[in-house]
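Protein chains in written order, with the numbering used here: chain L, 1 to 287; chain Y, 1 to 309.
In case anyone wonders, no lab produced these hints; they're calculated from the structure. Here the structure is a predicted model, which means the values were calculated and not measured. It is possible that some hints are incorrect.
Reference listing, derived: stretches of chain Y covered by chain L, where coverage requires no fewer than 3 residues with Cβ under 8 Å from a Cβ of chain L [said to hold, decoys possible]:
| hint | stretch |
| --- | --- |
| 1 | 109 to 115 |
| 2 | 118 to 124 |
| 3 | 127 to 133 |
| 4 | 235 to 244 |
| 5 | 274 to 286 |
Short, incomplete list of chain Y residues facing chain L, as computed with Cβ under 8 Å [unchecked claim]:
| hint | residue |
| --- | --- |
| 6 | Ile60 |
| 7 | Ala105 |
| 8 | Leu289 |
| 9 | Pro292 |
Far from chain Y, by Cβ distances over 10 Å, these chain L residues were calculated [unchecked claim]:
| hint | residue |
| --- | --- |
| 10 | Ile8 |
| 11 | Gly57 |
| 12 | Val82 |
| 13 | Leu241 |
Glycine residues also receive a C-beta, built at the ideal position from the N, C-alpha and C atoms.
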Amino acid sequence: MIVLDVIIGGLLTGGIYALLAAGFNLQYGVARVLNVSHGEFIMLGAVAAYSLYVPFGINPLVSLSIVGPILFIISFLIHRVVFERLRKTSGVTEVFEGKSLLVSFGLLFIIQNVALLAWGPEDRGYTFLPQPVNLLGAIFAINRLVVLGFAVVLGLAFFLFLVRTRLGKAIRAAAQEETGAQLIGVNIHWMHGLCFGFGALLAGLAGVLISTILSVSPVMGLPYTIIAIIVVVLGGLGNILGSLLGGLILGIIGSLVLHTEPGLEMAVFYVLFMLILLVRPKGILGK
Amino acid sequence: MINVHHKIFFPLLFSILILIALAIIPGYAPGYYTSLLNSIFMYTVLTVSWATFCGPTGYISLTSAAFLGVGMYTTAILGEALPLPLIVLSGGLASFLFALLVGLASLRIRGIFFAMFTLGLSEGLRHFINWWEIRIVGGLGRWVISADNITIYYTMLIILVMTLLTSYIIRRSKFGFALRSIGEEEEAAAHIGINVNAVKIITFAITSFWIGATGAIIVTQWLYVDTTTAFDVFYSFTPTLMALFGGIGQIYGWILGAVVFTVIAELLLTEFPYYYMLIFGIMIISVLLFFPSGLIGVLLKVRKESPTE
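Using the sequences and the hints, build the whole thing.
Shown next as structure tokens:
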């Protein structure tokens, strides 16, 4: 039964990882912003879900539809005001990538400290559907299953959006070949903004889901950013399907480590990350 | 001939005067200024070390915190086993060896991957040491030997001078040219006979030596160290930001950036303790948006425009 415990437990966390990595990947893959403040949008989602649930009793699953669009709009505006301008002054893409990484670090400070001022430094949590269920002999709380269910549905919906819709195709074209996309009439600035916004939206949704199972605080973001980086490298930079798959794989590995040597998860993730970068820098699904 | 002569003479005289001033300050100025200068020294060492490798090559290393933390933990582990100067050197040596390993591991990684790799590295090391301390040693942090402010001050001053000399020598030597050509076009640099890997690893390790030494001495003013303070990601980003703030191309730019940035940060910290980090974030973004070539760029612009008036 230990095996089941590990696998199911891993998939349950992996779903979240997949979602937050997909957002991170989109921001880098299209907008070319290696967004170190990605975790802060996860934190904003989680803090918002807590603040809507505890005083007002709004179900976190309802919060998903409130928090997501708000974060989308905020980050779309951030992209317009900051990153578009930076892109114009930077010239070469490589310079822009370096500078946008640093700008997003500044953003991390701003968002984290606004949250700290508004919320205080303490950890807070709420209980949401904590009843245990028996899953093929392994016991899990309902909330984790709900989280996995929503993560899978949101991840798939987003993937289908990219593959099937016209806008999704434009986004993929912009990711593949910027000049070519512009030649066939894709408004590249618009795509960059949209993708940055979608990335924050996915982060926010992941944050809302995380708040139902873990406690929430303004400083919770950075570890998730690191996880997003690792998953994205594992699945291939710019490859959304790779991120979804990579998230699940990392979840299972994490759960395996948790069962054998708790506390060492992040260090193991990092070793894996280093190996991938050295052996296969394009990721498991990279071309 | 005279021109060349003056080019060396005046900066040298100027540097010596500043050095003398810095050496006698602790006897006259109140304690606050000594500790302010301590932080200025620390950030200047971090920035100059970072920029000596990353400036010309264009690699963004986000792992200064790891080198600093390695130095701090060296002091914490050695305790009173060695006299202070040897502890500081051991901190540098530990950091040097660690940087050699990092350099070897990251040889094939370029561009944005290098930034991600190094950022993950210092976070990964933090998690590993945290696990090690709790699981194997049993305890979150460690007590550290303490040194008085004056000792820290003079040690930092020596480390600063050594860092500047190291950086100057590297930039003036064959290594400097090699680093610049790596930054221009790594493939081409390899083709004209530069041992690209050796140059990168050695420079990276040498510049990390002084960061480790800084960590080893600066920790003695804290009395206590744990992984959260030692491997604070803040130390990984500040050198990059300070170098960009001053001007990435020149050693003066790095020093200017570090000094001005640290003074502003200290002022903010005392004036607005609650909003300090927030303002800091806004500052970072403004610098990158509005001063793309740094303070040096602004100064040069002013100087160029003034004669026409």
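Violations among the numbered hints: 12
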